[in-house]
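A.B. asks: Single-letter residue listing:
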Amino acid sequence: MTATLPTRLVPARSPSGATGYALPFRERVAPYAYIAPFFLLFGVFGLVPFLFTFYIALFEWNPIGDQTFIGVDNFTRMLADPRFWNATGNTISIWALSTVPQLLVALVLAHVLNHARLRFALFFRMSILVPYITSVAATAIVFAQMFDRDYGLLNWLLGLVGIGSIDFIQSVWGSHVMIAVMVAWRWFGYTALLYLASLQAIPRDIYEAASIDGAGGWHQFRHITVPSLRPVIIFTVVTSTIGGLQIFTEPLLVARTTNLTCGPVRQCQTLTLFLYEQGFGKYEFGYGAAIGVALFVMIILVAAVNYALSSRIRGN
Amino acid sequence: MLIDTTAGGAIGTTMTGAPSGGRRARSGGRLGRVRWWSYLLVGVAAFGSLFPLYWMFIVASTDSATATRMPPEIVPGGNFFQLAGLVLETVPFLQSILNSLVIATTIGVGQVLLCALAGFAFAKLRFRGSGVLFLIVVLTMTVPTQLAIIPQYMIISWLGWVDTLQAVTVPGLASAFGIFWMRQHIAATISDELMQAARIDGASTWQIFWRIAFPIVRPAAFVLGLFGFVTAWNDFLWPFIVLKSPERFTAQIAIKALQNSYTVDLGLAMSGSFLATLPLLVLFVLVGRRMVAGILDGAFKG
Chain W
1 MTATLPTRLV
11 PARSPSGATG
21 YALPFRERVA
31 PYAYIAPFFL
41 LFGVFGLVPF
51 LFTFYIALFE
61 WNPIGDQTFI
71 GVDNFTRMLA
81 DPRFWNATGN
91 TISIWALSTV
101 PQLLVALVLA
111 HVLNHARLRF
121 ALFFRMSILV
131 PYITSVAATA
141 IVFAQMFDRD
151 YGLLNWLLGL
161 VGIGSIDFIQ
171 SVWGSHVMIA
181 VMVAWRWFGY
191 TALLYLASLQ
201 AIPRDIYEAA
211 SIDGAGGWHQ
221 FRHITVPSLR
231 PVIIFTVVTS
241 TIGGLQIFTE
251 PLLVARTTNL
261 TCGPVRQCQT
271 LTLFLYEQGF
281 GKYEFGYGAA
291 IGVALFVMII
301 LVAAVNYALS
311 SRIRGN
Chain H
1001 MLIDTTAGGA
1011 IGTTMTGAPS
1021 GGRRARSGGR
1031 LGRVRWWSYL
1041 LVGVAAFGSL
1051 FPLYWMFIVA
1061 STDSATATRM
1071 PPEIVPGGNF
1081 FQLAGLVLET
1091 VPFLQSILNS
1101 LVIATTIGVG
1111 QVLLCALAGF
1121 AFAKLRFRGS
1131 GVLFLIVVLT
1141 MTVPTQLAII
1151 PQYMIISWLG
1161 WVDTLQAVTV
1171 PGLASAFGIF
1181 WMRQHIAATI
1191 SDELMQAARI
1201 DGASTWQIFW
1211 RIAFPIVRPA
1221 AFVLGLFGFV
1231 TAWNDFLWPF
1241 IVLKSPERFT
1251 AQIAIKALQN
1261 SYTVDLGLAM
1271 SGSFLATLPL
1281 LVLFVLVGRR
1291 MVAGILDGAF
1301 KG
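Chains W and H, in that order, give the protein sequences.
Reading the first sequence from the start, the letters are residues 1 to 316 in the numbering used here.
Reading the second sequence from the start, the letters are residues 1001 to 1302 in the numbering used here.
Rather than coming from a laboratory, the hints here were simulated on the basis of the structure.
For clarity, every value in this text was computed on a predicted model and none was experimentally measured.
Treat the hints with care, as some may be off.
SDA-like mimics (lysine to any residue), calculated; alpha carbons at most 20 Å apart, straight line [unchecked claim]: (1) W:Lys282 / H:Phe1240; (2) H:Lys1244 / H:Val1170; (3) W:Lys282 / H:Gly1078; (4) H:Lys1244 / W:Gly281; (5) H:Lys1244 / W:Leu79; (6) H:Lys1244 / W:Tyr283; (7) H:Lys1244 / W:Pro63; (8) W:Lys282 / H:Ser1157; (9) W:Lys282 / H:Val1162; (10) H:Lys1244 / H:Thr1142; (11) H:Lys1244 / H:Leu1113; (12) W:Lys282 / H:Trp1238; (13) W:Lys282 / H:Ala1046; (14) H:Lys1244 / W:Phe248; (15) H:Lys1244 / W:Asn86.
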């Protein structure tokens, strides 16, 4: 270490170190200039709109007409609106249907992919990441075809085993399953790689010792893989929930004709789609913003549950 | 980018991994024989991942009559170029691919440069308030801004940016996650001694960044840029809100426009989807290995 050299902008070893009173002005402001673009962009396109949502939600706000302050009326209206609760139910249903299978599949895959002697490992890793790079829009179109009532691949297969045609798109459960499959398909490989990243930090000797003690693949999976992944599992549950609360494109694109409602009975209209319908379909900015606030509250609740869960696990 | 709304704890657990892939890659992993069912599982997963894209190409290359025939065709037909031609006629598709390329490239490059700069400042420079400011950067990851689309649209409208490409590009140019990612890599790879040596040689802060720090972290920056590119290319909601006229559409919005005539021709929508996916598939064949490594390297949040 060459601590005796004149340091100038180099991080000083002691907090009282001469952090550059001798520096020219340009050099002193340089760090602020380097971080300024982010703060500017986040402020204008992130923070200000975020705070403004809470303000607009208190108004009857028509983009071309007047803005009338109406207090919490948008919220009372929302809580009495069956369409809001329908969208909330749909969102939670689709989220649960997609997250649970996705994480289970990812867990098993990560365990298998972590095998040191697996051949073609790179091919398998790359293959399962392909859905992630495929756009939601393209995914929605191809899955809508595969789940089609009359000409879909899936119904043809179901027909072969003697199950009659299911009208996935028009039914509540069918459309939820279909969208959940899309979401799970897009993310399972990515999640598996996240888990694999965590697994690779586990020293090989632990598995080796387990092997010597006669623990087979299942026991290793159950007693080494799953427990060591707990933090990252919680992380993925939370991020998938945040993502799940904002599902928009899939329901918009699978229900072909009645776009913003996702079907005649709003069978797969999610919260973000409902927000969009009110805000940009009906130009009720105030009501749309209130839905945005509701989404924010839900996200906070998820974060709180996550925090409680994490600290419980750390306590153990 | 997906907004990361986890508490600090979760970020810490997944992000603390030292950003150097090679070292860790060999330490993990299990020994022993690989059972046949392992191959069956990963084989099925790989098949399941790739099949929908193959199917997309099948339908995109046959006429409607064949696409709706039962049992379905499982080999591509010869109609692909004809359908692709029809796609180009129905919407300005080449233009939309070009728009997507411009937007995604600008965002990818912007993220690399702006996040590397900010990450460098937070990792290696001493300045008043840096601790607090970095904390703010991390906290911004927890603010779910996507639900604020109505005021975001209003701001774009006030700026006079509705129906322009910069409405899509500019908000995505820098990200909190990118800064975090670059800071980790710069802190781990650029030594203080190197900084000092450069200082003594009379290099300015900018020169140290551009000539020394950035070249060293270029691989990590490249991965960040890739994920920025892919996310921007596939983004739907925001372009859907701010872009109005067909010649400004991104590829994803063009798919939606094609899909409006879905009932008319299924092959058309599939053809468009395939064309919009093709550039990313090519990119993935070229750099997919590095994307996988990027995820394994530090739990990438894309």
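A.B. asks: Now look at each hint and say whether the structure bears it out.
C.D. replies: Against the structure, the hints come out as follows:
1. Between Lys282 (chain W) and Phe1240 (chain H), the direct Cα distance comes to roughly 16 Å. Compliance with the 20 Å bound is thereby established for this hinted pair.
2. A threshold of 20 Å between alpha carbons decides the hint, and for Lys1244 (chain H) with Val1170 (chain H) the separation of about 17 Å falls inside it, so the pair holds.
3. Taking the CA atoms of Lys282 (chain W) and Gly1078 (chain H), the gap is near 44 Å; set against the 20 Å cutoff, the hint is violated.
4. At most 20 Å may separate the alpha-carbon atoms for a hinted pair to count; Lys1244 (chain H) and Gly281 (chain W) meet this at roughly 14 Å.
5. Between Lys1244 (chain H) and Leu79 (chain W), the direct Cα distance comes to roughly 33 Å. Violation of the 20 Å bound is thereby established for this hinted pair.
6. Straight-line distance between C-alpha atoms of Lys1244 (chain H) and Tyr283 (chain W) comes to about 16 Å, which keeps the hinted pair within the 20 Å bound.
7. Between the alpha carbons of Lys1244 (chain H) and Pro63 (chain W) the distance comes to roughly 17 Å, so the proposed pair stays at or under 20 Å and holds.
8. At roughly 18 Å between alpha-carbon atoms, Lys282 (chain W) and Ser1157 (chain H) fall within 20 Å of each other, so this suggested pair holds.
9. This hinted pair checks out: Lys282 (chain W) and Val1162 (chain H) have alpha carbons roughly 18 Å apart, not beyond 20 Å.
10. For the suggested pair Lys1244 (chain H) and Thr1142 (chain H), the alpha carbons sit about 31 Å apart, so the restraint of at most 20 Å is broken.
11. Of the pairs offered as hints, the one joining Lys1244 (chain H) and Leu1113 (chain H) is violated, with about 30 Å between alpha carbons and a cut-off of 20 Å exceeded.
12. Annotation: proposed proximity of Lys282 (chain W) to Trp1238 (chain H) holds, straight-line Cα distance about 18 Å (limit 20 Å).
13. About 43 Å separates the Cα atoms of Lys282 (chain W) and Ala1046 (chain H), which puts this hinted pair outside 20 Å; it is violated.
14. Note on Lys1244 (chain H) and Phe248 (chain W): the hinted pairing holds, with a Cα-Cα distance of about 18 Å set against a maximum of 20 Å.
15. With a CA separation close to 30 Å, the supplied pair Lys1244 (chain H) and Asn86 (chain W) exceeds the 20 Å bound.
In summary, the structure is inconsistent with hints 3, 5, 10, 11, 13, 15 from the numbered list given earlier, while agreeing with the others.
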